[in-house]
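K.L.:
Residue numbers (my numbering), protein chains in the order written: chain A, 1 to 116; chain B, 1 to 114.
FYI, nobody ran anything at the bench for these hints, they're computed from the structure.
Quantities reported herein were computed from a predicted structural model and do not represent experimental measurements.
One or more of the hints may lead you astray.
[What the hints assert, rightly or not] Taking lysine to aspartate or glutamate pairs in the DMTMM-like style, the calculated list, with each CA pair at most 25 Å apart, reads:
| id | chain 1 | residue 1 | chain 2 | residue 2 |
| --- | --- | --- | --- | --- |
| 1 | B | K9 | B | E73 |
| 2 | A | K58 | B | E73 |
| 3 | A | K69 | B | D56 |
| 4 | A | K58 | A | E15 |
| 5 | A | K49 | A | E64 |
| 6 | A | K49 | A | D8 |
| 7 | A | K78 | B | D101 |
| 8 | B | K9 | B | D38 |
| 9 | A | K69 | B | E79 |
| 10 | B | K71 | B | D38 |
| 11 | B | K71 | B | D26 |
| 12 | B | K14 | B | D101 |
| 13 | B | K14 | B | D26 |
| 14 | B | K9 | B | E79 |
| 15 | A | K49 | B | E79 |
| 16 | A | K49 | B | D26 |
| 17 | B | K14 | B | D38 |
| 18 | B | K9 | B | E59 |
| 19 | A | K69 | B | E73 |
| 20 | A | K78 | A | E15 |
| 21 | B | K71 | B | D56 |
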Amino acid sequence: AQSVTQLDSQVPVFEEAPVELRCNYSSSVSVYLFWYVQYPNQGLQLLLKYLSGSTLVKGINGFEAEFNKSQTSFHLRKPSVHISDTAEYFCAVSGPRVQGAQKLVFGQGTRLTINP
Amino acid sequence: NAGVTQTPKFQVLKTGQSMTLQCAQDMNHNSMYWYRQDPGMGLRLIYYSASEGTTDKGEVPNGYNVSRLNKREFSLRLESAAPSQTSVYFCASCLGATSLDGYTFGSGTRLTVV
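Go ahead and model the full structure; you've got the sequences and the hints to work with.
P.N.:
So, in structure tokens, the structure goes:
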């Protein structure tokens with residue numbers, strides 16, 4: 001079965017500093033990987049996704065993630081964060097197709113706090 | 001361009017009461033999902049519907065029922081609410097049966113059971 005582990009529950013950084021949010025996954029089949037962002041009191045929004053091809057994936061708001069098959073990782077990075085990036089970030093992996101649907105399995109979330 | 005609409009946004013129930021959470025999408029998506037979000041546990045799948053007329057259990061279905069009323073609407077019912085069901089509930093939809101397109105989420109229903 002697919003599973004996702006986000007290695008940090010909270011990450012505090014200063015504004016304009018770089019940040020990396022770590023995600024490891026386990027899967028016995030080919031995977032599709034996603035990062036979602038949840039701003040306070042809102043639903044989740046898709047940040048970026050890896051389906052195939054280039055292992056470096058660029059998303060919205062200057063974020064990017066690198067798929068590393070040997071390390072089973074999909075870490076999210078941004079070279080310079082802004083106060084507005086304060087949010088909770090979720091890594092997700094697509095599960096197997098069962099009963100006609102292919103469901104997402106989410107990690108526990110990482111709360112990113114940007115300090116001025 | 002409403003996307004996924006959930007009602008209500010907030011609800012307080014007494015133990016044993018019942019209620020239905022409503023979800024509607026206007027994107028002609030085929031699959032719909034109900035998740036609950038609890039601190040430190042991420043999102044856990046309650047029920048899903050791969051297409052109109054089908055529903056199936058997710059990871060944590062106990063205490064819940066669902067109805068895929070039509071292609072647009074997917075409701076979640078708590079028959080006898082318990083404090084353990086205090087959570088934030090999210091509905092999501094996806095164009096296809098696979099997750100490759102990514103999900104579109106509603107803004108959530110914050111439920112407190114006292």
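K.L.:
I'd like to know which numbered hints this structure contradicts. Please list them from smallest to largest.
P.N.:
2, 3, 9, 10, 12, 13, 15 and 19
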